[in-house]
Amino acid sequence: MAGIVGYGAYVPKYRIKSEAIAKVWGEDPDRIKNGLGVHEKAVASNDEDAATLAVEAAKIAVQRAGISPKKLGAIYVGSESHPYAVKPTATIVAEAIGATPELTAADLEFACKAGTAGIQVCMGLVGSGMVEYGMAIGADTSQGRPGDALEYSTGCGAAAYIIGKDEESLAIIEGTYSYTTDTPDFWRRNGADYPSHGGRFTGPPGYFRHVKNAALGLLRKMGRKVEDYDYFVFHQPNGKFPRAVAKMLGVPNEKIEAGLLTPYIGNTYSGASPLGLANVLDLAKEGDRIFVASFGSGAGSDAFSIRVTEKISNRERGRPVSEFIGQKEYLDYATYAKYRRKFKGM
Amino acid sequence: MRKVAIVGVGMTKFGEHWERGFRDLVTEAGVRALEDAGMSGAEISAGYVGTMAAGSLIGQEHTGALIADYMGLNPIPITRVEGACASGSLALRQGVMAVASGMHDVVVVGGVEKMTDLDTAEVSEILGGAGDQEWELFLGATFPALYAMMARRYMHEHGATEEMLASVAVKNHKHGSMNPLAQFQNEITIQDVLDSKMVADPLKILDCSPLTDGAAALVLAPLESAKKYTDTPIEIAASAQASDTIALHNRESLTGVKAARIAAQAAYRQAGISPSQVKVAEVHDCFTIAEIMAIEDLGFFPKGKGGEASLNGETQIGAKVAVNTSGGLKACGHPVGATGIKQAVEIAWQLRGEAGKRQAPGADIGLSHNVGGSGATAVVHIYRRVN
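In order, the protein sequences belong to chains A and B.
Residue numbers for the first sequence follow my numbering, so the first one is 1 and each next one is one higher.
Residue numbers for the second sequence follow my numbering, so the first one is 1 and each next one is one higher.
Be careful, since some hints might not be right.
DSSO-like mimics (lysine-lysine), calculated; alpha carbons at most 27 Å apart, straight line [stated by the list, open to error]: (1) B:13 to A:33; (2) B:13 to A:23; (3) A:17 to A:338; (4) A:221 to A:247; (5) A:212 to B:197; (6) B:13 to A:17; (7) A:240 to B:197.
Chain A residues, not near chain B, derived (Cβ > 12 Å throughout) [as the list claims (entries may be wrong)]: (8) 1; (9) 63; (10) 66; (11) 104; (12) 120; (13) 198; (14) 286; (15) 320.
To be clear, the hints were calculated from the coordinates, so they are not data collected in a lab.
Glycine residues also receive a C-beta, built at the ideal position from the N, C-alpha and C atoms.
Using the sequences and the hints, build the whole thing.
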């Protein structure tokens with residue numbers, strides 16, 4: 001099939017603590033931290049957007065792959081916060097990293113799972129021989145209505161994957177399986193500043209149904225068991241859901257910790273499970289097996305079975321996710337509100 | 001007038017039925033009640049259904065016709081009645097009057113509400129219509145706010161504490177934990193209630209009943225022919241209803257529900273019993289303070305003593321009077337139009353001795369107390385096991 005030839009991650013350096021948000025809205029910060037499992041979230045600066053985040057991650061992916069960007073035959077950027085309603089983010093990325101003009105490019109949207117959808121598209125293009133390398137990016141500067149529960153979790157971040165042939169891969173994607181239905185658990189209408197969501201309806205009929213079924217479907221398809229995997233990465237809208245779905249599937253907690261970044265950077269939407277996977281690839285060793293299940297509201301989950309190869313040593317060419325997570329500067333609520341353009345009239 | 005008996009009962013699980021609609025829920029409850037009575041729809045000659053706000057919640061009016069259609073009961077007459085959160089008990093009263101008068105023989109009565117299709121803010125606004133739209137809701141007084149004022153005044157006059165309020169929720173969750181049809185089957189502690197999110201001081205989220213989808217139904221028949229359908233008919237020994245001002249601020253008192261007291265007195269007279277003879281009661285605990293006022297209005301405890309009695313466990317299963325064995329509105333859930341019928345279903349199960357783990361010992365006389373709005377409508381029914 002196909003595999004990961006290079007990957008890159010980017011998380012903006014600004015953070016806001018759940019306490020700082022809770023204080024403004026008169027909420028109990030411990031209830032947020034214990035309930036949602038989010039301590040702080042990453043905040044893009046006022047000169048950053050999903051396109052710049054995507055470019056930062058894409059550059060590192062190219063470094064790790066050690067290929068000329070001209071060899072990329074396709075770039076897909078998955079996001080729910082594309083800077084333009086009409087005009088692709090993917091062309092901005094392609095131009096910025098020097099991949100133009102001989103390639104195809106397009107934007108994808110599937111709430112929090114457009115990044116993994118792009119990986120599947122690239123797997124198809126590489127597998128069929130249509131392109132030598134394809135790049136899939138999940139990047140978001142997601143929105144949460146001020147005062148809504150979402151405001152504590154909507155973070156900013158991106159991860160990029162270069163998909164190529166098996167033999168060049170630092171991790172081979174052994175199989176993928178998707179589970180998709182029309183389930184309106186979360187949405188943002190055209191022209192709306194902030195999304196709407198169905199509260200608890202985002203849980204059992206949304207996240208849990210899809211992630212669980214995608215995971216079980218892939219295990220069945222691969223003829224594997226939970227025990228065959230060393231790491232699990234689940235979509236992480238908060239710190240609570242991935243732990244709960246791990247429990248449902250019988251995955252021990254220690255296998256999900258490396259891929260669970262939301263407590264420290266928030267839910268980076270299209271970037272979330274790709275960033276979790278990037279952190280796992282930073283730590284995994286040759287022969288390790290990694291299981292990924294993303295989730296996008298609306299709703300669907302893409303599951304992947306990944307095996308790490310000896311080429312994982314190529315990861316030394318790029319900055320690890322931990323550097324981005326460790327390098328941080330805290331904002332007060334007012335500055336955060338300015339950076340995230342939450343003031344009317346800006 | 002003829003004596004009337006319950007010969008069949010049924011209800012859905014109460015909770016968030018995201019994959020089922022209004023018509024699915026009410027049909028399931030109705031079919032269960034018919035099955036329980038061992039009869040087919042062909043024997044039913046009329047129906048009454050209580051639903052408070054189907055028009056606002058799901059955009060469906062003309063629900064009587066919808067239900068007749070989906071239950072396969074055409075062409076018999078089915079009528080919807082509405083009295084806010086007391087809609088279910090009003091439907092039951094219509095059924096009782098129809099059978100007692102001889103107008104109809106076998107009647108089905110039901111209650112249903114489908115509430116979780118909208119977000120909480122929208123539903124709160126809709127439920128606010130149970131009060132005075134112009135003088136309460138329009139000025140921001142939603143139901144938690146109205147009951148919070150009643151709670152504050154009650155605490156001021158009678159020295160009740162927030163722990164006493166909390167003890168009502170703790171007891172109802174304990175009862176709910178034994179009811180497989182309850183929305184919440186988890187036990188909670190007084191500390192959990194006190195630590196839960198403030199809604200309208202002094203009422204925390206765990207002092208409040210939830211939003212719920214659900215339906216319940218009963219089959220009524222003349223007592224004289226009830227044995228034809230069941231070995232365990234339950235006589236409806238009293239049916240009483242009273243009204244009071246629509247707005248809370250026009251009441252004589254904030255620390256009790258006068259309409260409930262009047263309905264209770266009338267019901268006790270009809271049944272020829274005193275409050276101390278009631279062994280099981282389903283009361284309208286839309287908020288914890290409401291149950292404390294209810295057990296006083298019903299004469300189970302003296303005025304001002306309901307909080308202490310609750311804290312001391314005098315209302316739990318095994319006590320002299322077991323209150324809200326189903327879990328009440330708090331734990332069993334509160335699909336507003338269905339609540340009054342669910343109360344009757346629970347009492348029927350208790351009096352038949354079919355309440356499983358939550359069976360109250362020696363239950364021979366039961367009572368249901370259903371309140372609309374902040375007390376503008378109150379309905380009390382008394383039920384008796386027939387040996």
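**Asked** Non-interface claim for residue 286 of chain A: all C-beta distances to chain B beyond 12 Å?
**Response** holds (45 Å)
**No chain B beta carbon within 12 Å of residue 66 of chain A's** = It holds; residue 66 of chain A is separated from chain B by about 49 Å at its closest Cβ, greater than 12 Å.
**Request:** Find the nearest Cβ of chain B to the Cβ of residue 1 of chain A and say whether that gap is larger than 12 Å.
**Result:** holds (36 Å)
**Message:** Check the hint pairing residue 13 of chain B with residue 23 of chain A against an upper bound of 27 Å on the C-alpha distance.
**Reply:** Since the Cα atoms of residue 13 of chain B and residue 23 of chain A sit roughly 39 Å apart, the hinted pair is violated (cutoff 27 Å).
**Assertion that residue 198 of chain A lies farther than 12 Å from chain B (Cβ)** = Residue 198 of chain A not clear of chain B: closest Cβ-Cβ about 8 Å, inside 12 Å.
**Prompt:** Are residue 212 of chain A and residue 197 of chain B close enough, with their CA atoms no more than 27 Å apart?
**Reply:** violated (31 Å)
**27 Å Cα cutoff - pair residue 17 of chain A, residue 338 of chain A** = Within the cut-off at roughly 16 Å; holds.
**Hinted pair residue 13 of chain B and residue 33 of chain A, Cα distance within 27 Å** = violated (33 Å)
**Request:** Over 12 Å to the closest beta carbon of chain B is the bar; see if residue 63 of chain A clears it.
**Result:** About 46 Å separates residue 63 of chain A from the closest Cβ of chain B, which puts it past 12 Å; holds.
**Prompt:** Does the claim that residue 104 of chain A lies outside the interface with chain B hold up, using a Cβ gap greater than 12 Å?
**Reply:** Consistent with the label, residue 104 of chain A stays out of reach of chain B, its closest Cβ about 40 Å off (over 12 Å).
**Item:** Straight-line alpha-carbon gap residue 13 of chain B to residue 17 of chain A, limit 27 Å
**Value:** Given that 27 Å is the threshold and the Cα spacing comes to 41 Å, the pair is violated.
**Message:** Need the status of pair residue 240 of chain A, residue 197 of chain B: alpha-carbon distance at most 27 Å?
**Reply:** Roughly 19 Å between the alpha carbons, so the hint for residue 240 of chain A and residue 197 of chain B holds.
The structure fails to meet hints 1, 2, 5, 6, 13 from the earlier list, while all remaining hints are met.
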